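Q: Each chain, letter by letter, is given below.
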Amino acid sequence: MAEKMALAKAVNESLRRALETDPKVLVMGEDVGKLGGVFRVTDGLQKDFGESRVIDTPLAESGIVGTAIGLALRGYRPVVEIQFDGFVFPAYDQIVTQLAKMHARSLGKVKLPVVVRIPYGGGIGAVEHHSESPESLFAHVAGLKIVSPSNASDAYWMMQQAIQSDDPVIFFEPKRRYWDKSEVDTEAIPGPLHTARVVREGSDLTLAAYGPMVKLCQEVADAAAEEGRSLEVLDLRSVSPIDFDSVQASVEKTRRLVVVHEAPVFFGSGAEIAARITERCFYHLEAPVLRVGGYHAPYPPARLEESYLPDLDRVLDAVDRSLAY
Amino acid sequence: MTVESTAARTPRRSAGNKAGTTGTKRTTSTTKKATGAGKSAEPALVQLLTPEGKRVKNAEFDKYVADITAEDLRGLYRDMVLTRRFDAEATSLQRQGELGLWASLLGQEAAQIGSGRALRDDDYVFPTYREHGVAWCRGVDPTNLLGMFRGVNNGGWDPNGNNFHLYTIVIGSQTLHATGYAMGITKDGADSAVIAYFGDGASSQGDVAEAFTFSAVYNAPVVFFCQNNQWAISEPTEKQSRVPLYQRAQGFGFPGVRVDGNDVLANLAVTRWALERARAGEGPTLVEAFTYRMGAHTTSDDPTRYRHDEERAAWEAKDPILRLRRYLEAANHADEGFFAELETESEALGKRVREAVRAMPDPDHFAIFENVYADGHALVDEERAQFAAYQASFADEDGGK
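Here the protein sequences line up with chains A and B, keeping their order. Mapped onto full-length UniProt numbering, the consecutive letters of the first sequence carry residue numbers 1 to 325. Mapped onto full-length UniProt numbering, the consecutive letters of the second sequence carry residue numbers 1 to 401.
The hints are simulated quantities; they were obtained by calculation from the structure and are not laboratory data. Some clues are possibly wrong.
Covered, in the sense of this in silico footprint (three residues per stretch, anywhere, with C-beta under 8 angstroms from a C-beta of chain A), are these stretches of chain B [said to hold, decoys possible]:
| no. | stretch |
| --- | --- |
| 1 | 141-155 |
| 2 | 209-220 |
| 3 | 232-246 |
| 4 | 249-255 |
Keep in mind the model is a prediction, meaning the values are calculated, not measured. Yeah, the Cβ is synthetic: ideal placement off N, Cα and C, and Gly gets one too.
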């Protein structure tokens with residue numbers, strides 16, 4: 001049944017469905033129970049599924065992920081919430097050293113079906129440590145899968161698939177898009193989790209993005225269209241693995257690529273995409289792959305974030321530079 | 001599972017309250033003696049066997065070993081001797097270049113065998129990287145422990161095969177896994193328990209503090225078994241804590257107890273008590289086994305740079321195997337034939353381990369790409385194919401090797 005809902009509500013509905021269908025699914029994190037999460041993503045879940053399945057945890061991120069690992073070893077499928085992007089680092093050791101490697105260390109004997117939900121990115125005028133985009137710090141780690149939906153329907157279905165995955169999945173939720181509404185068909189048959197999707201077809205240049213930047217790229221394509229330029233917009237959806245085949249197919253058509261993300265450009269996912277696409281499409285490219293993203297500086301105070309984050313003009317500027325080659 | 005290590009593996013729901021029939025007649029004193037590193041300020045610890053091999057009464061803990069027969073004691077002795085023999089063989093294999101590294105448990109046999117034998121089959125163990133004695137108790141084939149030290153894998157056994165998790169090298173991390181697992185036991189409505197091993201050094205890790213917090217908040221059935229072997233590589237316990245480690249538990253709201261880590265009977269009793277608490281829904285317990293790392297931290301370590309021989313000599317007098325042997329002999333619980341037979345068995349184990357390690361093949365190169373993910377990953381597939389093509393490009397040069 002198709003219904004229009006906000007992205008945050010779609011995650012909520014997806015978690016609800018998972019809790020209903022699989023008794024091994026648990027939701028845990030700081031304030032996820034009685035409060036329903038600081039963004040209300042888990043609103044009402046504890047009331048309906050009880051404190052044993054929707055668990056308010058102590059304020060200790062390493063403890064949240066570490067105990068989730070133990071619960072997974074016992075046969076549970078924990079979905080843990082890290083309250084904000086900048087709070088994940090106390091859990092970084094458990095995620096990188098334990099969660100990511102345990103399946104391999106056990107020679108495949110144990111599985112770690114843990115989902116780590118992280119509301120991420122800026123644009124909401126938050127205080128320090130509440131606006132970061134650390135996805136590349138996780139994508140660099142073998143054993144983890146990294147996804148980020150850009151809309152409510154993907155949020156719903158990608159969460160279902162992440163929970164069903166036997167691998168640990170870091171699920172980056174674009175918090176500035178939490179309130180954006182779009183159609184969600186809860187009976188649709190979703191495509192594979194780690195594939196990209198062309199959200200707008202074009203012929204002059206490809207914009208590749210994920211999470212919060214997909215909407216921006218669509219706006220850029222609208223603006224460029226007014227200037228007579230046809231941009232293709234690719235929603236990557238997954239940062240590990242990256243669906244390079246789809247990027248390649250698009251770039252072979254448009255011959256130009258601009259990658260957009262909020263995370264710093266330096267060693268960001270755009271760098272990896274640029275390198276791979278240069279290898280794969282060397283003779284198709286009419287311009288070097290360009291990147292638009294954050295700067296190599298700490299995420300700035302809220303009054304400066306508009307200057308730090310990619311916006312319409314900055315992406316258009318990159319489009320112009322690419323087309324000028 | 002090895003046949004050697006199946007003794008005393010039957011589940012024990014409770015040690016019972018039967019009157020003690022073993023060893024108590026020799027007891028002349030009920031005073032708890034502090035044996036800690038010769039320091040008079042050290043707090044009392046639970047001790048049932050003195051270093052001289054005398055059984056001393058303990059009003060609180062005697063009942064937890066009241067069912068232990070002479071045969072059980074011989075079993076504990078055998079476990080300790082064989083574990084030490086295995087450990088010595090591994091050290092020797094490292095010296096011969098067969099292993100890249102070895103972390104010896106020498107001196108900690110009583111803490112590990114005593115606690116390990118307190119467990120039921122359905123309990124779950126989360127070890128560090130030195131729990132060779134506990135692995136023995138769980139029936140993990142000792143040769144399986146050597147794979148990671150030889151460098152052929154990073155943990156070569158099925159954790160669920162013996163409810164013995166993989167060795168954890170980053171210290172303290174596993175205490176959180178143990179706590180989560182124990183939370184799962186509670187959710188399942190089971191009465192199993194979990195034991196998390198760690199050391200005095202790990203006690204400083206934030207993860208250990210968080211594990212204490214989580215286990216206390218959720219009343220998780222977990223026993224935190226800290227082997228205080230006095231040294232975290234070169235740093236003495238004073239560099240980790242201003243209070244005795246077992247007292248840390250108090251601030252988290254659960255009991256902590258210090259046990260003579262070189263007294264196998266006391267470790268068995270105290271761990272049984274702690275497991276019983278866990279099963280009864282009384283939550284976590286911290287056990288500090290006060291022991292001594294007789295050897296180096298690992299084969300790469302040189303303890304002469306930071307500690308004196310006199311300290312080791314003082315602890316040698318408290319050797320866990322020696323004291324049980326004295327007791328067994330004095331109580332006529334074991335004869336010459338037993339010790340001789342064990343010696344033979346011990347040498348056979350050493351030989352078996354030696355031969356198994358030497359025969360351990362290097363893994364196939366493609367193992368690099370195995371089990372990175374459970375559900376696969378496009379990049380891993382792509383890189384495996386690239387690697388295969390690269391390897392194949394040498395096929396003609398080295399005769400197809």
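Q: None of the hints should be skipped; say for each whether it holds.
A: Hints, one by one, checked against the model:
A stretch counts as covered by a chain when three or more of its residues have a beta carbon under 8 angstroms from one of that chain; for the stretch 141-155 of chain B and chain A the count is 3, and the coverage holds. For a cut-off of 8 angstroms, the count of residues in the stretch 209-220 of chain B with a CB near a CB of chain A stands at 5, and the three-residue condition holds. Given a C-beta distance limit of less than 8 angstroms, the hint that chain A covers the stretch 232-246 of chain B is violated, as 0 residues qualify and 3 are needed. Judged by the Cβ-Cβ criterion of 8 angstroms, the stretch 249-255 of chain B is not covered by chain A as claimed, because only 0 of its residues qualify and three are needed.
Checked against the numbered hints given earlier, this structure breaks hints 3, 4; the rest are met.
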